[in-house]
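Number of protein chains: 2
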Amino acid sequence: MPTYKLTYFDVRGYAEPARILFHLAGVPFEDKRITHESGDWEKMKDKTPFGKIPVLSVDGFEIPQSAAITRYLAKKFGYAGKIPEEQAWADAIVDQFKDFISSFSQLLMAQRTGKPAEEVARIASEVAMPARDAFFKIIDGILEKSKSGFLVGDSLTFADIVIVENVTTLEKNQFFTASEHPKIVALREKIYSIPAIKKWVETRPDTQF
Amino acid sequence: MPTYKLTYFDVRGYAEPARILFHLAGVPFEDKRITHESGDWEKMKDKTPFGKIPVLSVDGFEIPQSAAITRYLAKKFGYAGKIPEEQAWADAIVDQFKDFISSFSQLLMAQRTGKPAEEVARIASEVAMPARDAFFKIIDGILEKSKSGFLVGDSLTFADIVIVENVTTLEKNQFFTASEHPKIVALREKIYSIPAIKKWVETRPDTQF
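Line order of the protein sequences matches chains A and B.
Number 197 in our numbering belongs to position 197 of the first sequence; there are no gaps in the numbering.
Number 23 in our numbering belongs to position 23 of the second sequence; there are no gaps in the numbering.
Here chain A stands alone, though its shape is the one from the complex (with noise of 0.2 Å):
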């Protein structure tokens, strides 16, 4: 078996699929956490390939891209759909996810950056919100017609695993109203029930994002 490390901050955000996968699999990888306060990101930045964590090392051959790893791994565990169509559709929904981000992101950018609190206010009504009510739409949609529960096809795919880990982050910082969404609590239950998932989640270190 190939030696795995997965660097990232010492938050969930965009390793955490990649972590679930791993203990999902039962294959042991070291999950190497950067803390801000270490000052070890400054001095490994360019050195990474693309500037950016997270970034998964395998015997050494370094991946960036936290949807270009957790599509490999999830390939490479059995999760990635089981026909090109049902790839394809987890592609989507993953790809769809980062689209509704990107948008949302502006509003936290705005809020970090201190920007004026009418153009945070501005930014949260134009492009975050309506960003964030178009794709939880696109997803509930997709669980309304699905006979599995699941987003794809008849079993587990890494698409579920990116949007209820998303779910939950954005649920803790008051952008995500459970009640809104019974589906997607249902597929976030289904999925943090799966034993080897679960035992993760109930250990793992508990971050803000």
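Calculated from the structure, these hints are not laboratory results.
Be careful, since some hints might not be right.
[Unchecked claim] In silico DSSO-like cross-links for lysine-lysine, where the CA-CA straight-line distance does not exceed 27 Å: (1) A:Lys32 / A:Lys145; (2) A:Lys82 / A:Lys190; (3) A:Lys76 / B:Lys98; (4) A:Lys45 / B:Lys147; (5) B:Lys75 / A:Lys98; (6) B:Lys75 / A:Lys75; (7) B:Lys45 / A:Lys145; (8) A:Lys98 / A:Lys190; (9) B:Lys145 / A:Lys45; (10) B:Lys199 / A:Lys183; (11) A:Lys76 / B:Lys82; (12) A:Lys82 / B:Lys52; (13) B:Lys47 / A:Lys52.
[Stated by the list, open to error] Calculated Cβ distances over 12 Å to all of chain B for the following chain A residues: (14) Ser105; (15) Ile184; (16) Lys190.
[To be verified] Restraint ranges, calculated between C-beta atoms of paired labels, are given here: (17) B:Asp40 / A:Lys199: 48 to 56 Å; (18) A:Ile83 / B:Thr207: 30 to 38 Å; (19) A:Arg204 / B:Ser38: 17 to 25 Å; (20) A:Trp41 / B:Thr207: 49 to 57 Å.
Think of the CB as a built atom: it goes at the ideal place given N, C-alpha and C, for glycine as much as any other residue.
With chain A's structure known, arrange chain B on it following the hints.
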């Protein structure tokens, strides 16, 4: 062979890498183009899976999201990377492009929605141009180390097609200066000189985007 229909606006944009893959593989497909003037888009929008195009129909089964479509066809036709690690790198490059273009799009959106000139200039200098420069530094760096001249491994992948096509669009809109990126220009020449691609590029509808 399945019946393929690719639906998009009458531009190259997000659908062109998929069109190129069809021409490269010599696989027939319906190149369905929606014009803004026809009003057809407003009529069909709600019937698409995610309210957006491109959508690829494979014997009536619909796949949304351009990267998912392009990856699906690349896998079918043998241009997704030869081994899992190459596939992950092709994916990572396309995701990195997606990150760049979502930052860059803030500029196009500000221009189109008639924001004040100083706001447009601020977005250009603080967001769009830094995102562009960081992205092309990554691509230049990859090509600098490439022995084959391709972005991934020793043969063509959909990552090459996505990047060179978008370079063409950026250049047409004065956002890419060929003389600053000789390796990227060489990659484009390499790809555009593949006979099946050359024929398509020479005869395809010439659109601004």
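Structure-based check of all given hints:
Taken as a hint, the Lys32 (chain A) and Lys145 (chain A) pair is broken in the structure, with Cα atoms around 39 Å apart against an allowance of 27 Å. Distance restraint check for Lys82 (chain A) and Lys190 (chain A): the Cα-Cα separation of roughly 19 Å lies within the 27 Å cut-off, and the hinted pair is therefore satisfied. This hinted pair checks out: Lys76 (chain A) and Lys98 (chain B) have alpha carbons roughly 24 Å apart, not beyond 27 Å. At roughly 25 Å between alpha-carbon atoms, Lys45 (chain A) and Lys147 (chain B) fall within 27 Å of each other, so this suggested pair holds.
Under the criterion of a C-alpha separation no larger than 27 Å, the hint pairing Lys75 (chain B) with Lys98 (chain A) is consistent with the structure, at around 21 Å. In summary, the hint linking Lys75 (chain B) to Lys75 (chain A) is supported, as the alpha carbons are separated by about 13 Å, within the 27 Å threshold. At most 27 Å may separate the alpha-carbon atoms for a hinted pair to count; Lys45 (chain B) and Lys145 (chain A) meet this at roughly 19 Å. With a C-alpha separation of about 23 Å, the suggested pair Lys98 (chain A) and Lys190 (chain A) falls inside the 27 Å cut-off, and the hint holds.
About 19 Å separates the Cα atoms of Lys145 (chain B) and Lys45 (chain A), which keeps this hinted pair within 27 Å; it holds. Restraint check: the Cα-Cα separation between Lys199 (chain B) and Lys183 (chain A) comes to about 49 Å, which exceeds 27 Å; the hinted pair is violated. Annotation: proposed proximity of Lys76 (chain A) to Lys82 (chain B) holds, straight-line Cα distance about 15 Å (limit 27 Å). For the given pair, Lys82 (chain A) sits about 25 Å from Lys52 (chain B) by alpha-carbon distance, which is consistent with the 27 Å threshold.
Proposed proximity of Lys47 (chain B) and Lys52 (chain A) is contradicted: the alpha carbons are some 37 Å apart, above 27 Å. With a cut of 12 Å on Cβ distances, Ser105 (chain A) falls inside the contact zone with chain B, its closest approach being about 9 Å. No Cβ of chain B approaches the Cβ of Ile184 (chain A) within 12 Å, the least distance being about 16 Å, so the stated non-interface status holds. Distance check for Lys190 (chain A) against chain B: the nearest CB is about 22 Å away, which clears 12 Å, and the non-interface claim stands.
Asp40 (chain B) and Lys199 (chain A) have their C-beta atoms about 51 Å apart, which keeps the hinted 48 to 56 Å range intact. Evaluation of the 30 to 38 Å hint for Ile83 (chain A) and Thr207 (chain B) yields a pass: the beta carbon distance comes to about 34 Å. Taking the beta carbon of each, Arg204 (chain A) and Ser38 (chain B) are about 52 Å apart, not inside 17 to 25 Å as hinted. Look at Trp41 (chain A) against Thr207 (chain B): about 42 Å separates their beta carbons, and that is not inside 49 to 57 Å.
Consistency with the previously given hints fails for numbers 1, 10, 13, 14, 19, 20, ordered from lowest to highest.
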